[in-house]
Every structure is written in C-alpha cells, then in structure tokens.
Amino acid sequence: MTFDGTPPANPAIDMTEEPECVAKYADGPVDPVVVVNDGMLANVFIRVTAGLPAGPYPIPSQPATIDQNGCLYTPRVLGVMVGQPFEITNSDPLLHNIKAVPSESRGFNISQPRAMTTTRTFKTPEVMVPLECNVHGWMNAYVGVTDHPYFATSAEDGSFAITGLPAGTYTIEAWHETLGKRMMEAEVVEGGTVSVTFVYGSTT
Amino acid sequence: MSRVVGWKEGTMETGLIALVMVLAIIPSFHLSAQDIERGKAVYEKWCTGCHGDTGAGDGDAAAYMLPRPRDFRRAVYQIRTTASGELPTDDDIRHVVDQGMPGTAMTGWKSRLTSGDRDAVIAYIKSFSRFFDGAPPQSVDFPSAPRISDDGIAEGARIYGELECFKCHGDRGRGDGTSAPTMSDDWDFPIRPTDLTRPWTFNGGAEVEDIYRAIRTGLDGTPMPSFSDVIDAEIITDEQLWRVAQYVHSLAPGRPRVREVIRAGRTARVPDDPTDSAWVEAEAFYVPLVGQIIVSPRWFTPAVDGIWVRALHDGERLALHIAWSDPSASPDPLWQEWIELLATTVTDADGALEPVQGPDRFTIQFPARLSDGMARPYFLGGDRRRPAYTWRWRSSPDQLEVGTSTGLGQFVAGAGAASDVAHQAVFADGQWQLQVTRTLIPRDTSAAPTFAEGVAIPIAFRAADGSSGETHVRGSVSAWYAIYLDAPISATVFVMPVVATLVTAGFGLLVVWRAQRREGTRRFLPEATCDIFSSSRCSDSWHAAAAKLAHRPATRMLVPLSSRSAAPRSPA
Ligand SMILES: [Cu+2]
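Residue numbers (this note's numbering), protein chains in the order written: chain A, 1 to 204; chain B, 1 to 572.
Since the hints were derived computationally from the structure, they do not count as laboratory data. It is possible that some hints are incorrect.
What the simulated footprint calls covered on chain B by chain A, stretch by stretch (three residues with Cβ under 8 Å from a Cβ of chain A suffice, anywhere in the stretch; the number is not a length) [claimed, not checked]:
no., segment
1, 154-166
2, 182-192
Restraint-style ranges between C-beta atoms, simulated for each label pair [what the hints assert, rightly or not]:
no., chain 1, residue 1, chain 2, residue 2, range
3, B, Q336, A, E87, 30 to 40 Å
4, A, N69, B, S396, 37 to 47 Å
5, B, Q336, A, E190, 55 to 65 Å
6, A, V194, B, T48, 48 to 58 Å
7, B, R130, A, P93, 33 to 43 Å
8, B, G134, A, E87, 24 to 34 Å
9, B, G351, A, G5, 40 to 50 Å
10, A, G5, B, A428, 43 to 53 Å
11, B, A135, A, G28, 47 to 57 Å
12, B, V356, A, V194, 49 to 59 Å
13, A, S61, B, G134, 17 to 27 Å
14, B, R130, A, M184, 28 to 38 Å
Here are some chain A residues pointing at chain B (derived, C-beta under 7 Å) [to be verified]:
no., residue
15, N97
16, V101
17, S111
Please read all numbers here as calculations on a predicted model, not as lab measurements. We put the beta carbon where it would ideally sit given N, CA and C, even for glycine.
Make a model of the complete structure from these sequences and hints.
See the structure below:
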C-alpha cells in the first residue's frame, strides 16, 4: 500500500476537556486520518470482492477487537466477519459511548463510563460501518463487515496479508476513509504468494 | 422477581394484564390488503406532511423542524423497551403514536384517531422498513423501581457524576455539558442534550419509569447510549440506575402551571442582584415562549421555549428576576461548530442563516401608555398607534437599553431616563439569571409608564440565543401577560387585601385574555390558546402550527402596521 507525493496534514484535536487523554500525547493529539510512513499508507481496508467460491465460511470464535485509548480508537480501521464477536474495550478512565451506524444491519449505542469490555456482533455484511463517540466528537473508526475471512487492514508500514485463499483469480478492493477505493485483479496459484500493490497519492 | 417496564396501561390492574397475556399467545396473522389500505389512507391524511410519502421523514414541513420527523425507512426508534439497536415493539410505537413526543412537533393521536386507525397506521409505518420482516422484538426485563427516598436521590446524584452524565447534560442537568456543542444525530442533524430541568420536553415522557427506560435502552438515533452493558459489567447495579432516574426526576421543578398574572410580592427592600437568596424564596412564574413566525426572517427552531419570572417590589422599586436555560453565554468559540452545523441544516424560510454568533438577548416590554386601559400594543414590539416601553438586554457587551418600540426591529432608545433602570446578568451552569430594577415612578412620567400597586400591568418577553442563529428578529416570543404589584397591607384593611388581590388579579387575567383575543394574538400564537392553567404542552401545538405556516410567505413589516391589519390569517 503506497502513497506517492506529500500526504495531507492531519488535523490537531482540541482535547482540553479530557486532560487524561491529552497526557498520552507528547506532541499533542492529532486525528490520524491519513497515516503515511516512508511512502506507505496505513489504515486501508482490503478485501476480496469477486472470485471466491460460494460460502458459507466458518466464523472465527476469536473476537475482533477495538480499543478506546487516549480518546482515540485503536485500530481506526478493522474488519470483522458477520457473526464474529466484536469486542469493544475502554482503556480510558472516563466515559465513552460507542455508536455503530450501519445501514444494512441494526446499529447500537452503548455507554462505557470507565474501563470495561462489551461484545457485539453484526448480522449483515457492510463495508464500512462507521463507529463514533458522541462524548468526543472527533472519535471515528470504521469496521468492514464481511461474510468471508479474506480481508485485511494495512499496517503502519503499509503492508497487509490475506492468507489461505484457494487458487483462482480474484478482484481485490482497497478502501480508505478519505482517499477512496482502488480495485485490482490477482491470480493466485496453489501454494504461491502474490504481491499486490495499491497506489494512492496526492497526484493520482 | 423481574418484570417488564412497559407502558403504564399495561400495569394498571391484574385483569388487564391477564387480557394482554391472552392476546399475546394468539399467533400474529398477516395484515390483509385491506388493513394496509386503511393504514395508508390514515398515513396519507395525517402523517405525510411531516414524515413524507415514502416515510423518509421528508414531508413538506420537515425542513423547518428541529428535531426532524422520524425517517421510518431505517426503523431506528428512540423510545423503546427493547435493547439498543433492536426494533421497537408494536406497543412501543403505539405509545408514541398515542401520546406524541413532548418537545417535538409530534402530537398525540389517541383522541384524534380510532384505535383501529392507529393500529392500521402502525402496521403501515412498519412496512417502510424491511427490518420488520423478521422475528418480533422482545422487551428487556427490568427489575422494579426501589422506593424513592432522599438518600436514594443523593445516591442517584453521585452515580450521575460517576457515569459522567454531566459530559453532555451538564453539572446541573441543563444540557450544557462540554460535548453539547458537537452533537448530531444519525442523520447528521444537530441535536441538543436534553435539558433535564425541563421534563415536559422529554421525548419519551417525564415519569421516573420513562427516564429509567431512556437510560437503560438508550434513545436510538441520538447520542444517548444504552446503559444496560454497564449493569452487565457490574459497574453499577440496576437499582443504582433507578436512582439516577429518580435523581433526574428530582431536578425538575414540577410541571409548570402557566398563569397569566405574575405577582410581584411586597418586600422590605428589593434584592440587589440576581443571585440574592431572596429570589429563591420568591414565587416563580413559568412563561412559555414560542418561535417568532410572523415577521421576516421568521424562526421555526427557537432555542428558548420558556422562562421563569420572579418579581418583588418594596413600594419604591420593582425588581424582575428572569431565569432561563441556555447552554452558552454567547458568543462562545466552543459553540462555533454548533452554529455551523445549524446553518447547514436549518432551512430558514426567509433567507440563509449566517454561521455567525451574536450575543444572547432578552427583551421585556410594557405598554408605553398604561392609560389605554387593557388595550395592549401589538405583541411583537408594539406599533405606531400603541408603542411599547421596552427594556432590551444583550449579553455581549453586557448592556440594557431603555426605549420605545413600534414593532420588531423598530426600537428607539431613550424613554425617559435610562438611569432609572438598573440591571445585572449572571451566567452559570447553563442558565442566565437577569435582574432588572426600576423605580415605580420614573423620573420622566411623560416618557415612561408608572408601575402602580394593585393593578395588572401588561408585560411580555422575548429571548434569543446568539449561538443558535437567533440574530435580528429571530428568536422566541411570549404572548402578553400581566404583572400585579401587591398593595401594602394597611391596618384598616386587614382581610380585604387578599380578597382584593385575588379579585384584581382575576379581573386582570380576564381582561388580558379578552384583549388578547380581540387583537387576534391567539390566532397565530397557539401557545396562548392552550388551557392557560395546564399548558406546558403549548409548544407542541406551536410546533404543529409552525409546520403549517412554514412554507407560506412571511408578513413583511417594512412599515409597521396597525395591530389589526398586521395580523395574518390563522393557519388553515
Ligand atoms: Cu469518547
């Protein structure tokens, strides 16, 4: 996942109302909308959109997790399968509410007034379901809900891996919250590894 | 022993519960085409104006409303006995259809539609969303409420702090928390945290059970989350959540009774400032305000919909104490985000709303000449024939002007000596307290009216929140009320003053009411048409009338007209 050119500057967040969160940022809190390290783009959600054999696919019992720490979500972008436990943790000693606003399935809006964990599931695939906190208007995260396990999120170094795909030709879609979508075709052979590079940038 | 906290009707008596249970085990049957036709007919007659033909919440009047009418397509409902994110039960929807939603334009339909029509329209509303195709939703089981006690309310106050309810609702519950300026709903419309001191605006009702339900299951579609998981995680107990509900219930001064005569009690010496403890003792009169929807630019989303008025006099001076909820002392940089969201949301019938904050404003008016008897000036700032003696306060810079008004925006400073009138304004915890004091006899009696004891003097009010776009003539207004200064108790008249007070006050009220009717104020101030003794739901009927008026052109008052000709036709 590469980013060509100069990435847009991320906005500073005025967090003065939450000194306990501000204390976690040496250089002051910033909203990590576009995260680029050495030309590599993080927080892109990648998934297979065509070419897969018909499901259903086994649902992992291992939960997908999101944390609220320093009044921001970690990770900011993640995937979860339909029916897979989605574990929401508050690591801050203060109130957050977690509101999911899907359009294809039912949302929820739950309170976490201090460190605690809550588990929910999504019933219908949807890319992406926005998560927000209304106590802290700057807090945003995005959950890709899929009906198969072939998805990934690009890491801080821009890398991602989708493993276990049977041999075949696939359409792979990348999604970024402000930079939009990219599509690529990939042919996977039995036992092989295919490298796919999505290119985002200020010039493309 | 747990039970479902459902709707009041269901808990009335054992017989009724038994009946409900019998009904519940009869399997639901599919609606016939006839039922759908009936529901559609009812919907199209009564509901489309706000909720739109396709249930998208986009009827003709919707753009002028805040909060907006419900969009039925997503089946996201605020008032539910079901968990957050679940569909409402039919009873949940029925409760809202029957009772309406206080604080919004949604009125109750129980007395207007037959129960068959209401059932049919509920079925039709559900047909707008495919989410209702699945299994019917289940109400959450809640334990019963603990008995209310002072200790319990103190515990509720503590939990209110522990759960950080104040982040949105404010330390004193006035909806002025730090998060308040940034809030929007699921449709990205701006939304205010509920002012917990004004229970008559609680969308789901004001009883302890209603408050508990709102906290427990949340108000879906709004920022208000469900606290069920907090109980499951054993951070608080269910009983403690009930305590929060009881505490919130205790914040309100009770459902206000609107009286048209404000009594100024006689005291040895009027207080000097609005935080003086003498004001706490003084009797408080609630005055509802409604959006100014007559003179362009009209205003359909008023921020201040009611004020508390207290009055005292000492034979020399009259002091008025006005208190109203306002989450910001405007202008306030923290509220810039709010006004910017408002400016992109609120459809102003008479021109775009500038995303610029002004000061908060408050206006008190009297007839310039009390010799006209009870024939009062046009209620919107008077006119040329009958001007209004006006006190005009603004928060920034803090100043009070005294002058004569001949209509909204037609104000000329200087009605006698401005130095006659002293004022002090204090903002704290989401509330303005304004005291205005004047000598009963003005220095120049030809320029300003004299406040005599023992007579009913007409008085009216206007308010504006500078952080909510209420500049120019945008804001909220009251009808005419009267203020009555208690006469001194003399030794020779021992019992009579009380009787005289009552008689005079009653007479004043009657005259006010008749004069108001004569001038046609009531025709477009539906607030005043409510039962004046029980009218905290007045603003609901105002919302409904405003919705009808919204797409009609405003009366242009370039030249102030006489009160009679200025009155527009009443809404059809
Ligand atoms: Cu938060």
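Cross-check of the supplied hints:
1. 154-166: holds (count 3)
2. 182-192: holds (count 3)
3. B:Q336 <-> A:E87: 30 to 40 Å: About 37 Å separates the Cβ atoms of Q336 (chain B) and E87 (chain A), which means 30 to 40 Å holds.
4. A:N69 <-> B:S396: 37 to 47 Å: Holds - the Cβ-Cβ distance for N69 (chain A) and S396 (chain B), about 39 Å, lies within 37 to 47 Å.
5. B:Q336 <-> A:E190: 55 to 65 Å: 60 Å, holds
6. A:V194 <-> B:T48: 48 to 58 Å: 55 Å, holds
7. B:R130 <-> A:P93: 33 to 43 Å: Between R130 (chain B) and P93 (chain A), where Cβ atoms are some 42 Å apart, the hint holds.
8. B:G134 <-> A:E87: 24 to 34 Å: 25 Å, holds
9. B:G351 <-> A:G5: 40 to 50 Å: Check passed, 42 Å falls within 40 to 50 Å.
10. A:G5 <-> B:A428: 43 to 53 Å: Between G5 (chain A) and A428 (chain B), where Cβ atoms are some 51 Å apart, the hint holds.
11. B:A135 <-> A:G28: 47 to 57 Å: 49 Å, holds
12. B:V356 <-> A:V194: 49 to 59 Å: 56 Å, holds
13. A:S61 <-> B:G134: 17 to 27 Å: Check passed, 25 Å falls within 17 to 27 Å.
14. B:R130 <-> A:M184: 28 to 38 Å: The hint (28 to 38 Å, Cβ to Cβ) holds, given that R130 (chain B) and M184 (chain A) are roughly 33 Å apart.
15. N97: With a closest approach of 4 Å, the N97 (chain A) hint holds.
16. V101: 6 Å, holds
17. S111: Hint holds; S111 (chain A) Cβ to chain B Cβ min 4 Å, cut 7 Å.
In this structure, every one of the numbered hints holds.
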